[in-house]
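Visitor: The chain contents come next:
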Amino acid sequence: DAGITQSPRHKVTETGTPVTLRCHQTENHRYMYWYRQDPGHGLRLIHYSYGVKDTDKGEVSDGYSVSRSKTEDFLLTLESATSSQTSVYFCAISLGTVNSPLHFGNGTRLTVT
Amino acid sequence: GESVGLHLPTLSVQEGDNSIINCAYSNSASDYFIWYKQESGKGPQFIIDIRSNMDKRQGQRVTVLLNKTVKHLSLQIAATQPGDSAVYFCAENIRSNYQLIWGAGTKLIIKP
Chain A
3 DAGITQSPRH
13 KVTETGTPVT
23 LRCHQTENHR
33 YMYWYRQDPG
43 HGLRLIHYSY
53 GVKDTDKGEV
63 SDGYSVSRSK
73 TEDFLLTLES
83 ATSSQTSVYF
93 CAISLGTVNS
103 PLHFGNGTRL
113 TVT
Chain B
-18 GESVGLHLPT
-8 LSVQEGDNSI
2 INCAYSNSAS
12 DYFIWYKQES
22 GKGPQFIIDI
32 RSNMDKRQGQ
42 RVTVLLNKTV
52 KHLSLQIAAT
62 QPGDSAVYFC
72 AENIRSNYQL
82 IWGAGTKLII
92 KP
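Read top to bottom, the protein sequences are chains A and B.
Throughout the first sequence, residue numbering follows the working numbering, covering 3 to 115 in sequence.
Throughout the second sequence, residue numbering follows the working numbering, covering -18 to 93 in sequence.
It is possible that some hints are incorrect.
Here are the computed lysine-lysine pairs in the DSS-like style, where the Cα-Cα straight-line distance is at most 27 Å [to be verified]:
#1 B:K23 - A:K72
#2 A:K13 - B:K23
#3 A:K59 - B:K23
#4 A:K72 - A:K55
#5 B:K49 - B:K37
#6 B:K37 - B:K88
#7 B:K23 - B:K88
#8 A:K59 - A:K13
#9 A:K13 - A:K72
Note that these hints are calculated values from the structure, not bench results.
All chains, please: the whole structure from these sequences, using the hints.
Guide: The structure is reproduced here in structure tokens:
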């Protein structure tokens, strides 16, 4: 699993509450990504990071923010969770340059009630 | 917008036979393609990749074919085994953009 740990693995939260998901890597790789996976949509990129404090938006970034204060940690925050953000969230790292395979964690299943 | 798609959502194959999973892409600027396997409850696992300057690439029991003329990508799995049961995704990358574009996935079912 390329040394990727996502926490928590499961979370249930109420609409309007803030939620933070954590991705931790032990490989010291530069590139990290947050995806969400929903039936019928495949994986969609939320945000990505190309270094400490260097982040950018993906195709579905509305309602999400990220932070990367250390190489090994990439945090995804839902400022005010909505039911449409119920999903499985995957963190990924890239082992090399941008055209390198991504390696994924095992996901966080988030349910917003 | 342009996207990667799959021809078949579900594919059933007899154990021991070869499997072929197809993928169509619409962006001629895409220059890098990847296949992933996802088992239930796990994250996608990298299988094989191919760059646009290649037509074919082989790995262990897998082969990826790229036909740029018709914008078609396929994954061939030789001697399919029960452990190959999973959802398979293709993804494309456009000219060193950071964002992969993913297909919706094909579920591979292995019949005993």
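Visitor: Does each hint fit the structure? Answer for all of them.
Guide: Against the structure, the hints come out as follows:
{"no.": "1", "hint": "B:K23 - A:K72", "in the structure": "holds (25 Å)"}
{"no.": "2", "hint": "A:K13 - B:K23", "in the structure": "holds (16 Å)"}
{"no.": "3", "hint": "A:K59 - B:K23", "in the structure": "holds (25 Å)"}
{"no.": "4", "hint": "A:K72 - A:K55", "in the structure": "holds (8 Å)"}
{"no.": "5", "hint": "B:K49 - B:K37", "in the structure": "holds (11 Å)"}
{"no.": "6", "hint": "B:K37 - B:K88", "in the structure": "holds (23 Å)"}
{"no.": "7", "hint": "B:K23 - B:K88", "in the structure": "holds (14 Å)"}
{"no.": "8", "hint": "A:K59 - A:K13", "in the structure": "holds (24 Å)"}
{"no.": "9", "hint": "A:K13 - A:K72", "in the structure": "holds (24 Å)"}
Hint compliance for this structure: every hint is met.
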